[in-house]
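A.B. asks: Protein chains in written order, with the numbering used here: chain A, 1 to 336; chain B, 1 to 144.
Please note: incorrect hints may appear among the correct ones.
Here are the simulated DSS-like pairs of lysine-lysine, each with C-alpha atoms no more than 27 Å apart in a straight line [unchecked claim]: (1) B:K80 - B:K135; (2) B:K63 - A:K232; (3) B:K64 - A:K55; (4) B:K63 - A:K55; (5) B:K80 - A:K232; (6) A:K232 - B:K8; (7) A:K232 - B:K135.
No lab work stands behind these hints, which were simulated from the structure alone.
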Amino acid sequence: MLSMDVILVTILAAGALSIIGIVVGLILLGIDRRISARMQARIGPPLRQPFIDLKKLLSKENIIPENAIPSLFNAAPIVALASSIVVLLYLPIGSMMPILGGYGDLILVMYLLAVPALAMVAGGFASGSPYATVGAQREMVSMIAYELPLASIVIAVAWLLYSSGIADPFALSSIVANPIWSLVGPIGMVGLFVLLLTFAWVSPAELSKIPFDTPEAETELAGGVLVEYSGKNLGLFTIAQGVKTLVMGGLAVAIFFPWNLSPLLGLAGYAALAVDAVFFFAKVILLMILSVTVIRTGLARFRITHVVTLFWVWFGVAGLFGLSLVILDSVLAGWF
Amino acid sequence: MTLSPSFKRSLWVFHFNAGSCNGCDIEIVATITPRYDPERFGVRLVGSPKHADVLLVTGPVTKKMAPRLRRVYEQMPSPKVVICIGTCGQSGGVFYDSYNLDGPVDDVIPVDVYVPGCAPRPEAIIYGVVTALTKLERIERGEE
């Protein structure tokens, strides 16, 4: 039985983390636009541009199309935002363990990651616009495509922890406590590196960024799943996008780069928590610049058929190859 | 009309071609190139009128395009601004006595700012957007 105190602290912490997540997520979007502009020899918008955009969107008229299903149409952005925030609560931020860590693991995070995309699909179908319908179908197809490589990464990590005799191999807290790089030999290192590269390519697909923004494709689908959304609803989707960016970066950090600064600096208590949280966000920003901004500025959009081939064939093979290398490594380690 | 201060720093533009010869459209594309980089002021070209704050209309409005232009204008969430780019939208330009015109742009939808030229330079288009903002501010203060 949980005591009242614990529940209250959990709720307060969850509220605080949601606000921090939204703010950091929007700053991430701003950094992304700024770096992308610099890569194209432009000056680019200020870092607080997503906040300005959001304020404007919240002050604008909220149009609900005549042939839309209003309940689904309005619920979709709220569900997208809520589910992305819930994933954030399952992620360890620096040395702070996940707030909801005791209630779910990596498998649950994988399922929750699919919910914002599903909410967008539902919203797209509920818009009653042919563009949004095509966008929603594409969103579903790309979701099916990138789940395979993502699953192979999760399996590899959990299997590695399990074979090293660590209890609770799927829990994010035990993944963070045992950096996977320290559990493998040289062959496994190569395997993990392949998995890291695969994850770096799954992230932009999960966030529907160029080159995987086929569901939103501005030039051919006029915004795709988001085509009918305006004002407040579009603002909520913007926030959800920011939080999702933070979540994908946070997941990459938790799986591949879980080290903290505080043991190195010899800090403890709240100082350690604060330093580690800042270090965590720095790692997320760096990872997102490399795996989202650079890729999206450097490439053009893939066609939806290319997205499927890329993820099912090339990254599917890459993920399974990484997984086999990790397994091979621990089998060899068992022999010698 | 209430206008939040963030509106000025985050103008999302939708471009509508109402039968233009493409001259003005190319100049609009030139306006969003790195040389002028309007994104540093928050200006973004969007794909859907539902996302837009500013409607850039080019071309004299042909009979086929008039109902479409009206529908696109009505789809935009208010507050919104309409900018008419190029001489054609103001008077018909070289097509002024053509049989298939449904009038200049302001016969179809209300226009806030006119940017003359055939085709107008990117600087003129940027100046038009700035003028639209000052006009919005005047409306907000009740001067117009």
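A.B. asks: With reference to the structure, classify each hint as holding or not holding.
C.D. replies: Status of the hints after comparison with the structure:
1. B:K80 - B:K135: 12 Å, holds
2. B:K63 - A:K232: 35 Å, violated
3. B:K64 - A:K55: 37 Å, violated
4. B:K63 - A:K55: It is violated: about 38 Å lies between the C-alpha atoms, which goes past 27 Å.
5. B:K80 - A:K232: 16 Å, holds
6. A:K232 - B:K8: Distance ~18 Å between K232 (chain A) and K8 (chain B) Cα, so the pair holds.
7. A:K232 - B:K135: Given pair K232 (chain A), K135 (chain B) holds - Cα atoms ~25 Å apart, limit 27 Å.
Of the numbered hints listed earlier, those contradicted by the structure are 2, 3 and 4.
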